[in-house]
Amino acid sequence: MAEPLLDIRGLQTHFHTFGGLVKAVDGVSFDVKAGEIVGLVGESGGGKSVIGFSIVGLIDPPGKIVGGEIRFDGRDIAKLDERAMRRVRGREIAMVFQDPMTSLNPVYTVGRQMDEVLRLHTDLDKAARRARCIRMLEDVGISEADKRLDAYPHQFSGGMRQRVVIAIALLAGSRLIIADEPTTALDVTVQSQILKLMRRQVEDTGAAMILVTHDLAVVSEMADRVVVLYCGRVIERGLTDEIIANPAHPYTRGLLDSIPRIADRQHRLRQIPGTVPDIRSIGLGCSFRARCSRAQSLCAERSPDLAHVRGSLDAACHFPLEEAAR
Amino acid sequence: MIKRLLQMMLVLFVVSVIVFLMMSFTGDPVFMVIPIDSTAAEIEQARRLLGLDQSLFSQYWIFLSNLLQGDFGRSYVFRQPAMDLILERLPATMEMVVVAMGIATVIAIPLGVYAGANPNRAASRSIMAASLFGISLPGFWVGMMLIFFFSVRFQFLPSSGRGETIEVLGLRLSIFTADGWSHMILPAVTLALATLAIILRITRAGMMEVMRQDYIKFARAKGASRRHILFAHGLKNALIPVVTIFGLQLGDLIAFATITETIFAWPGTGKLLIDSIYRGDRPVIVVYLMLTAFIFVVINFLVDIVYTLIDPRITVK
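Just so you know, the sequences run in chain order A and B. If you're matching positions, the first sequence starts at 1 in the working numbering and goes up one per residue. If you're matching positions, the second sequence starts at 327 in the working numbering and goes up one per residue.
Pairs of lysine to aspartate or glutamate residues, derived as EDC-like cross-links and limited to a Cα-Cα distance of at most 20 Å, are as follows:
#: 1; chain 1: A; residue 1: Lys33; chain 2: A; residue 2: Glu221
#: 2; chain 1: A; residue 1: Lys23; chain 2: A; residue 2: Asp305
#: 3; chain 1: A; residue 1: Lys196; chain 2: A; residue 2: Asp139
#: 4; chain 1: B; residue 1: Lys562; chain 2: A; residue 2: Asp150
#: 5; chain 1: B; residue 1: Lys543; chain 2: A; residue 2: Asp81
#: 6; chain 1: A; residue 1: Lys64; chain 2: A; residue 2: Asp81
#: 7; chain 1: B; residue 1: Lys543; chain 2: A; residue 2: Asp99
#: 8; chain 1: B; residue 1: Lys543; chain 2: A; residue 2: Asp60
#: 9; chain 1: A; residue 1: Lys33; chain 2: A; residue 2: Glu92
#: 10; chain 1: B; residue 1: Lys543; chain 2: A; residue 2: Glu82
A few chain A residues facing chain B, derived, Cβ under 8 Å:
#: 11; residue: Val56
#: 12; residue: Leu58
#: 13; residue: Arg86
#: 14; residue: Arg87
#: 15; residue: Gly90
#: 16; residue: Met95
#: 17; residue: Ser103
#: 18; residue: Leu104
#: 19; residue: Asn105
#: 20; residue: Pro106
#: 21; residue: Val107
#: 22; residue: Glu116
#: 23; residue: Val117
#: 24; residue: Leu120
#: 25; residue: Tyr152
#: 26; residue: His154
Only part of the chain B face toward chain A is listed, based on derived beta-carbon distances under 8 Å:
#: 27; residue: Asp540
#: 28; residue: Ser551
#: 29; residue: Asn563
Quick caveat, the hints were computed from the structure, so don't treat them as lab data. This structure is a prediction, so every number in the text was calculated from the model and none was measured. Positions of the beta carbon are idealized from the N, C-alpha and C atoms, including for glycine.
Pulled out of the complex, with its shape left as it was, chain A reads as follows:
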């Protein structure tokens, strides 16, 4: 099998805060193959976004990548200096942010902000760059692209702005797109349009995508594989279909159960009891034990390692769920 496009091994990103050391990402490993969509799922505080920013080297003090490798196309980009990393950002790896209302600079036209990427990463002349920007805007479904290039972000709606952000991310032909909650800030009706657009664009360009989200429904629609994070660690990973149908980790089960189903109006919506614990105070044992109905004494003594359970599923649980007959 070919080497994956992105291979993260044992990534540790820690924040030195006044309140103590926060291990926001603590030994995370997963890979992304070319053309694949991988979903990073978890509640807030799970370390999903920090992983995204770690990959592109945008962790600011007091945060720091303290361990592990981020192999992109065979080389460890976590070790690159700022200059070399700037050539990776935007060209090889692009990002889409959560809130399109704030991720475009309000004082420049959309065209200029698109042009910036091409100016940085290509040798095209001005006319060619403009032509490419127009084609890109059309590709993401913005009509009258020629005119819209000279408009400012505040003249676009939220959904349109996210289309622009996606266009910017795809413009330089990046091979990996990291989308950090790309639809969370949008209206539900716009959400599915944007997701479809992203899926189509990824398929058309052959780029891979990491989709960071707290929304399992989004993941089930989009991703080929899922990585579930809890308190900075991978607690389960595998093919999307398998995880959705039969998760091995009680936490993933809990996440799935908390999605409302239209057909099921008989039962109260189930939720995971408690809240995500303070990462600094977990200590020994499984970080999920306090909220887990299956927790036993072993769970408090030793932290479970990620291990193969069945099929494509790996889970970090001493007592993984059996395959349910459903």
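Chain B: place on chain A using the hints.
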């Protein structure tokens, strides 16, 4: 736009009323223009000649209607049109202010951007500490210290006057001669110091706010250089308050460079104002204050236009 112009006129009208009223409470100017040994009849005659025997209202009416016809009154002391006296000295003040604002801006903006983008570095803290001196040291003291060191101790720069001037486009300017520059440096630096510190602090505060925004992170994710992010993406968004303060400081320096001009014997409008106050030369003071109000109104209008150039979300109403 029309509404805006009417507003500006209203401001100037109100200022004219206030200035006129205030002036009429500051003593009887007739004693400033007559010889000490004048008889009561002569005083009465001078009073009639100056129009001071009429009611306050009709005095104001005469003043206003003359004003609208371009007649700003004559100096009691020089017997010349008051406006001419001021305009004659305005180029001297203007060039000093322009140089001072130039010095302040060129130094303050880069330092402010640096300090705002790297607030935790030792260099930034030093810049901020130094800027406190700029704000709190009084101009007259700084001026005297500069004279002490550069003119008295090292005899390196002249301490007073304007130096050699040449006529450019009908204005007598000294910024085009080396001698003029050597006279200009000390007063301009004195004048620049406080403005520099204020602009620096405003720029830093704006940059600190802007650097937290998502679009800065997005620009970084595009692979843009640090310099481009700071000056193209960051600074332009931090500029609105900076431009506001710049405009206010500019007007302030033009109108009230009085102390610095006095210390350096700079023959500008500030010195004329002080002299006119001492002499009770009412027409000059009135015209001076009206001109000051006019300059402020115009600067504020220009600042509003600059806003729209910086931020497309702002329009001039």
